[in-house]
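Enquirer: Spelled out from the first residue to the last, the chains are:
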Amino acid sequence: MNSGKKITLWIGLTLVALLFVLMAVSLFYVPYGANEMNIAGRLQAPGAAHWLGTDNFGRDILSRIMEGTQTAFSVGFFSVCIGLAGGFLLGAAAGYLGRWADELLMRAVDALMAFPGILLALILVTIFKPSLGQTIIAIGILFIPSFARVIRGGFLQTKEADFVKAARGMGAGHAALIFRHIVPHILSSVIVTASLCFSAAILVEAALSYLGLGVQPPDPSWGRMLNESQAYMSKAPWYALAPGLFITLTVLGFNLLGDGIRDLRDRRA
Amino acid sequence: MLSAPTEAPPLLDIRDLRVELTTARGRWPVLEGIDLRVEPGETVGIVGESGCGKSVLSLSLLGLLPPAMRISEGEIRYEAGRLPREGEEAFRRIRGREIAMIFQDPMSSLNPALTIGEQATEMTRLHLKLTKREAREHAVSLFRKVGLPRPEALLKEYPHQLSGGMLQRVMIAIALSCAPKLLIADEPTTALDVTIQAQILELLKTIREEDGTAILLVSHDLGVIADMCDRIAVMYAGQVVEVGTAEELFDSPRHPYTQGLLQAVPTPAKKREKLLSIPGTVPALHERGAGCRFHSRCAYATERCLLSAPPVVRVSGAGGGAGAGTGAGALAATGAHAVRCWLAAEEGGLPHAAG
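As given, the protein sequences belong to chains A and B, one line each in that order.
Following the UniProt record's numbering, the numbering of the first sequence begins with 1 at its first residue and continues without gaps.
Following the UniProt record's numbering, the numbering of the second sequence begins with 1 at its first residue and continues without gaps.
Just so you know, these hints were derived from the structure itself, not from any lab.
Each hint should be verified, as a subset may be incorrect.
[What the hints assert, rightly or not] Keeping only pairs whose Cα atoms sit at most 27 Å apart, straight-line, the calculated DSS-like set for lysine-lysine is:
{"#": "1", "chain 1": "B", "residue 1": "K274", "chain 2": "B", "residue 2": "K181"}
{"#": "2", "chain 1": "A", "residue 1": "K159", "chain 2": "B", "residue 2": "K156"}
{"#": "3", "chain 1": "B", "residue 1": "K145", "chain 2": "A", "residue 2": "K159"}
{"#": "4", "chain 1": "A", "residue 1": "K165", "chain 2": "B", "residue 2": "K205"}
{"#": "5", "chain 1": "B", "residue 1": "K145", "chain 2": "B", "residue 2": "K132"}
{"#": "6", "chain 1": "A", "residue 1": "K165", "chain 2": "B", "residue 2": "K156"}
{"#": "7", "chain 1": "B", "residue 1": "K145", "chain 2": "B", "residue 2": "K129"}
{"#": "8", "chain 1": "B", "residue 1": "K145", "chain 2": "A", "residue 2": "K165"}
{"#": "9", "chain 1": "B", "residue 1": "K181", "chain 2": "B", "residue 2": "K129"}
{"#": "10", "chain 1": "B", "residue 1": "K181", "chain 2": "A", "residue 2": "K165"}
{"#": "11", "chain 1": "B", "residue 1": "K145", "chain 2": "A", "residue 2": "K6"}
{"#": "12", "chain 1": "B", "residue 1": "K274", "chain 2": "A", "residue 2": "K165"}
Given these sequences and hints, build the entire structure.
Expert: Structure follows, in structure tokens:
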């Protein structure tokens, strides 16, 4: 392992850890109430009182960013859970059963994947009422194909391993083969996918919220903040800068973390 | 049916087994007309080159054939009961408990993510419904039996911490853990070095003597087969071409292929001579014609060998003298020396290879 690859992992880990700390702190403490308005102090530049300035309603941007981490992380976490659960069912069934089940399920997954992601999320969100929950479900469904493919691939590969055949030859049942002998070996690739999907989820949530179809006001969301800051771009550039920067850092952090884990796992690369 | 009179039914009785491979270009027989018996406590060897169907045969016994292959004809009887042709559940009760299998490469046959203990207790907990503690104690006693050092500590170790020979001992211990009546060993020593190979074969002999376990030993190594087996079946291109006791096959091989195999074994006596090899390779699935499958490589081949399939001829053994019994069953009959060759059907037969 050369040090360049480890650096990727460490930068990713550090960024993600810092954001986690920020989120944890925001659960107990934010400098100002996230929805506390102060019309007199509208669009203040960053300073000692408001580190990242204030928005068009005089709300503290740092506080809103901090509360926004909760939204971002819950969207990331729960949508990855949905994607993983759905993807595992489809991918495991396709990879383990093979033959016609594989064909059928993977063509369905291909169809889902052929759809542009954000468009699919838009459709799902517009069918139902836009809210945090709907956003999470829509993004989760979006991730099912990625997980299904990774898990199917892992199953196909591991299913043929000698130790799986040997376990089968010794009389192990389906559940034992899947959960004891196959799943532990595909875990690392699933973790990498989860990490990459986590950052994608945050990005999609920001995009949906930016379009006004994701998280609804007054709940703080980085995408929504970007949207609101647009009108004041020339007057208060820091307003747009803060959520943009945090979206970038989060996505970068999780991507680097994912890449780092992948490199760590794949010693040949 | 021509068969030797036996009191008890054989432990394993394969009758006219045919396994087909389905491909986009059609269905090809991988195994054809396999007749083989294994008596309780007996060691039967299956020998042949790569690609002649040895492994497919051993996998078919446990229903472990790859999805593209299936048994299309014939049957496998285990203790006079028919083994199912398909059906995972029916096979699962037999696998590991009645018939256990040892695989070629011990290093890849154990799950690297689980400890030795977890894998060694899996089968007894499943088949014999032992508790975790009982299963561990059972595993420890088996580890002692197969000659593994510090068995208790081994349970907590992972496969990568052990050498190949130790892993094969672990595999054998696992295979023996439910006291199977038949042990299928598919090239059990191929992946190991020679000294370890001898130790593992010694261990298999001990098991056979102490537990009376019948062993079906699959190997391409005639030395291993000669050392271990009571009876030997020589396979070529998906067929059993000659079957007999170890003495019969080594002292008076009747099939040109068997003779060729024996001549290709290096021995100290042949040190200065050029080692004989059989020219050519095993015909591919779609290259097998109507005649004898060995004709393209056989020094004695005639036009007849090319055109029509040779009969199975019993050359000696229980139930009749030379040339007495032909047809299905002759190859399976216990104690019979039978061969699938036109030359053996004739008076005089194949000239014996000069020592």
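Enquirer: Failing hints, ascending?
Expert: 1, 3, 11 and 12
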